[in-house]
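Q: These protein sequence lines map, in sequence, to chains A and B. Start counting the first sequence at -3; every next residue gets the next number (our numbering). Start counting the second sequence at 90; every next residue gets the next number (our numbering).
Bear in mind the hints are in silico, worked out from the structure with no lab data behind them. Since no wrong hints were added, every one of them can be taken at face value.
Mimicking DMTMM-like on lysine to aspartate or glutamate, the simulated pairs with C-alpha atoms at most 20 Å apart in a straight line are:
| no. | chain 1 | residue 1 | chain 2 | residue 2 |
| --- | --- | --- | --- | --- |
| 1 | A | K206 | B | E218 |
| 2 | B | K178 | B | E165 |
| 3 | A | K209 | B | E218 |
| 4 | B | K151 | B | D175 |
| 5 | B | K235 | A | E326 |
| 6 | A | K77 | A | E172 |
| 7 | B | K235 | A | E290 |
| 8 | B | K153 | B | E170 |
| 9 | B | K144 | B | D346 |
| 10 | B | K153 | B | E165 |
| 11 | B | K144 | B | D182 |
| 12 | B | K235 | B | E352 |
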Amino acid sequence: MNSNFLRNDMVLMAVFTLVVLTMPIWLAPIGAGYPDLLQKIAIYGIFAIGFNILFGLTGYLSFGHAAFLGVGSYAAVWTFKLFSMNVVPAILFGVIVAGLFALFIGYVSLRRSGIYFSILTLAFAQMSYNLAYSVLTPITNGETGLQLSQGDARVLDHALGIAQSGLPTPSFFGMEILGWSGFYVCAVALIIAFFFALRIFRSPFGMALKAIKSNQNRMNYTGFNTRPYTLAAFVVSGMYAGLAGSLLAVTDPLAGAERMQWTASGEVVLMTILGGAGTLLGPLLGAGIIKYFENIFSAYNERVLHDVFSGLPNGLEQIVVSFTSLFVGEGWQLTLGMLFMLVVIFLPGGVMEGFRRLTKLFRRDGPQSPAGAAQPAE
Amino acid sequence: MDAFVLQLLNGLDKGGAYALIALGLTLVFGTLGVVNFAHGALFMLGAFCAVTMQKLLTLSVKVKDPGVTFFDAYKEIPYLEVWFGDTGKAVIDYAVPLSILLAIPVMLLIGLVMERGLIRFFYKRSHAEQILVTFGLAIVLQEIVKTAFGANPIPTGAPDAVAGSAAIGEWLGLGAAVVYPWWRLIYLAFSLAIIAGVFSFLQFTTYGMVVRAGMQDRETVGLLGINIQRRFTVVFGVAAVVAGLAGVMYTPILPPDYHMGMEFLVLSFVVVVVGGMGSLPGAVFAGFLLGVLQSFASMTQVKDILPGIDQIIIYLVAVVILLVRPRGLMGRRGVMES
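For reference, chain A alone in the conformation it holds in the complex:
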């Protein structure tokens, strides 16, 4: 049984790796085959996968996860400024700082559960956001956002003599992170992050987290101290957020406080729920769908719509265009809100639940096939 599981997971990992690395090819026909969007999908996928380790497994709904994303970004940009333009230390530093920050916030917030926990995390995130805008300006550069400049120290780069002229770009041991190389860095990080999430889901640690979700009191009665487990889950998911944040800084070395605002925390909740909380692939799917909508749909304006519906009779075309323009372009958030409500009302398990029902409908055995599950929902 055990080896069977392992083999299945190995297959899942292999397929996952293949699917992620070939994203530029199979997403091109639906207009998503460019690195900017793909790396966003990968980054927010990591963010959502990490959030899911906390929310999906333990049921603790954090409304302040964007704070860790923001802290990761700041830490990565500071590494660029002070030490080296190499991405490896930046990512490591971003993850570690976000993890420490999560350790502190988690230690305090996890004393409460339910909505109190949500409010506590929200309060901490809003505090970080407000402070980043006001008093911490020397560290965060306030509204302008933290940027690279030519006068930065970059101790390691100068010691090794890799001084670039002009504004430097982040690099991976000499390879500049621009365009497609940026996507592949994010893709590799996503694959590693997914692998760790998979291991956590299958481990005794993951089982303990799921048990906490289903009945924490009973766990406590049996003499099981749940606090270290929830705290570990919180820190791990904070580190995922830090990884996502530092990757944001790697692909575009600029960190702003708006990344920590509570709407950003809400976004990752939306992604996770939309895809399916508690499932492995769901959060990534959710992130992909939302980022796809955001980038593709918001690009539609009335002129594009007129082209799309040009086949219709004139009066009808006008009506159809003015109706659909409510939902695309500037109005894509309306679509997002409605989609989200529909999912929560009718499909609380998210897109993954939809797949499961579909496969059940066609009477196939097994909950899902990995290849089919990795297809986007469009």
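We have chain A; now place chain B onto it with these hints.
A: Then chain B, alone, in the frame of chain A:
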């Protein structure tokens, strides 16, 4: 002393808004057991009732401007002014108070539709799902308002008669330098009146008594042959009206834009939690308390000692209260502790 009184008043009018929103949140939570993240959107909708009223009253006709003789110039004159002259002008001036008349039926209707159409399907679902679906609804509502009214704040003035400042310094014998905007005083009085109204509705009417009984033990009240569900639905409508009125009257203080609801929602939730989930007096008290604390924290003397405190004071208080008094200031045992 002068600065102290001023900051106290400053805090109280903001606290009034927090208290009104938090009161509605607590009512909904106490009766239906639903965590309503769309409550801030109701506040925003109320504010836009005032905007709509102002737009309706100032529907204009183009007439030729007789003052310009060199060419044909046109100016827009509201119909009301054309028809009723100075009376019409006065009516337009009082657009914001008048929109209360519009807001009450509109918000009641919105509340009832929302409860019957969406919220009632979520009584039995988890709090997380309630939060999520109402959060989605809030996004939808604010996007609709954005499409209808645009993304920019819309200035909506107070009537001219109360546009200036009140010389409260002279009343209290503090010196003439202490002045305070009339409208904020009115807002404070208004919010106190609404709070008193809600409490007396619950405390002194038979209807309110039944509602309170239902909050204590819903099943028994149901067994006594009372349709408690319908009363709770009405309470939801009342909560929507309270939030809406808070929004209507707030427009002269803060020009409404489509995302004002979200900002107030976050703060009001903190207020509810600080006051104690399910406690109405707690919500009101915490609303005023946090408003005043925020106002004091933004004094320069305080900021010199603790830089940045004005930005975080509310959240800091919330964290401390939640850790020291887990049920909030006046929370009841057994509420939201599962």
